[in-house]
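This is what each chain is made of:
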Amino acid sequence: MSAVAVTWLAVLGASVGCYLLKLLGLSVPASLLAHPVVARTALLLPVALLSALVAVQVLGGAGALVVDARLPALGLAALLLWRGAPFLVVVVGAAALAAVLRLLG
Amino acid sequence: MDALAPDQRRAVLRQALGVGVATGAYGVSFGAVSVAAGLSVAQTCALSLLMFTGASQFALVGVLAAGGSPFAGAATAVLLGTRNAFYGVRMGALLGWRGARRAAAAHVLIDESTAVGLAHASSRPAARLGFAATGVSVLVLWNAATLAGALAGSALGDPRRLGLDAAVGAAFLALVWPQVRGRRALAVAAGAAALALALVPATPAGVPVLAAVGVAVLGGLLAPRGAAAPRGAAT
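Heads up: the protein sequence lines correspond to chains A and B, in order. Per the numbering used here, numbering of the first sequence is gapless, rising by one per residue and ending at 131. Per the numbering used here, numbering of the second sequence is gapless, rising by one per residue and ending at 734.
In isolation and in its complexed conformation, chain A is listed as follows (with noise of 0.2 Å):
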């Protein structure tokens, strides 16, 4: 098989499992939440995905941790949004100082 086509099986390959672990997650039925602790556990994992991937996002780097513009953009982020601010005022606050920091260089 040429290269070209063992990338495509690749994207065609992981796409579908992708989509079927989706629809897998989306088709547990409901009943499995009413114990105590799986509802629980279904509340918190996004809790706990979402922050994971704040950390990763904002101080992750090529296998290694990386500290740059990032970090004082989500403390900016943070500030705003423990005053309130609207979703997109967060976002473009944290995008626009992290570009004036490397502006700054």
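Simulated from the structure, these hints should not be mistaken for laboratory data. A hint or two may mislead.
To give an idea of the chain A side of the interface with chain B (calculated C-beta under 7 Å), a few residues [what the hints assert, rightly or not]:
{"hint": "1", "residue": "S41"}
{"hint": "2", "residue": "L50"}
{"hint": "3", "residue": "V63"}
{"hint": "4", "residue": "T67"}
{"hint": "5", "residue": "V73"}
{"hint": "6", "residue": "A74"}
{"hint": "7", "residue": "V80"}
{"hint": "8", "residue": "G86"}
{"hint": "9", "residue": "A99"}
{"hint": "10", "residue": "A103"}
{"hint": "11", "residue": "G110"}
{"hint": "12", "residue": "F113"}
{"hint": "13", "residue": "V117"}
{"hint": "14", "residue": "A121"}
C-beta: ideal position from N, C-alpha, C; glycine also.
For this one, chain A is given, so just place chain B on it according to the hints.
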């Protein structure tokens, strides 16, 4: 969805569009990175259209760029995609969709649509609108940006220069913010972030975020005995 007041509906749609713009813009960098990793423009666009889960897409092209095999890339992408299944367990009960609607909803079941849907968990119509509008908004803008990034390649410049990488972190923080209520949720959030950071230097891309599943399970198991299940509460 017609149970929603017009101003509430507008607020949800504005939030969905905001998330779409913030996340979609980063699709430019995915398009550029993917082409740089050796994928064709068509393969790059197929990933954004069919896989449509950013972290998995970045993982696949990241493995290829680092010299890994296409199958290693695919395995990493699917492994990372398991978190969408966990989102689905939560969203399935909240959305209450069956058949074709569920099959369509599954395609846009991603971090952002889950987070916006959960932000309106107190009302099913609002949760459905937030989930679907965010999913479609991100789908359209992410794919348009991917195509632009793939065509322009690195000529468009480093998205980091515009602070777009910081915008993604800020967006995830804004999404998790309303969900972190109570000591247990705060402990889980801090624990998951700390564990992910500890794992970044030691594990392949994708594993640090997946490990957060363990922290959530621990948080669910360790909750005080006799406490009422916090179902529907934004804990």
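Do the hints match the structure? See the list:
With its C-beta approaching chain B no nearer than about 4 Å, S41(A) sits inside the 7 Å limit, and its interface hint holds. The interface hint given for L50(A) is met, as the beta carbon of that residue sits about 5 Å from the closest beta carbon of chain B, less than 7 Å. With 7 Å as the threshold, the beta carbon of V63(A) comes within range of chain B, its nearest partner Cβ sitting at about 5 Å, so the hint holds. Checking T67(A) against chain B by beta carbon gives a least distance of about 3 Å; that is within 7 Å, so the hint holds.
A cut of 7 Å between beta carbons decides the hint on V73(A): the least distance to chain B is about 5 Å, and the hint holds. Satisfaction of the interface hint for A74(A) is found here, the shortest Cβ-Cβ separation to chain B being roughly 4 Å, below the 7 Å cut-off. A distance limit of 7 Å between C-beta atoms decides the matter here; for V80(A) the minimum to chain B is near 5 Å, and the interface restraint holds. Hint status for G86(A): holds, given a least beta-carbon distance of 5 Å to chain B, under 7 Å.
At a threshold of 7 Å, the smallest CB-CB gap from A99(A) to chain B is about 4 Å, leaving the interface hint in force. A cut of 7 Å between beta carbons decides the hint on A103(A): the least distance to chain B is about 4 Å, and the hint holds. Violation of the interface hint for G110(A) is found here, the shortest Cβ-Cβ separation to chain B being roughly 10 Å, above the 7 Å cut-off. Because the closest C-beta pair between F113(A) and chain B is about 5 Å apart, less than 7 Å, the hint holds.
Using the Cβ-Cβ criterion of 7 Å, the hint placing V117(A) at the interface with chain B is satisfied: the shortest such distance is roughly 4 Å. At a threshold of 7 Å, the smallest CB-CB gap from A121(A) to chain B is about 4 Å, leaving the interface hint in force.
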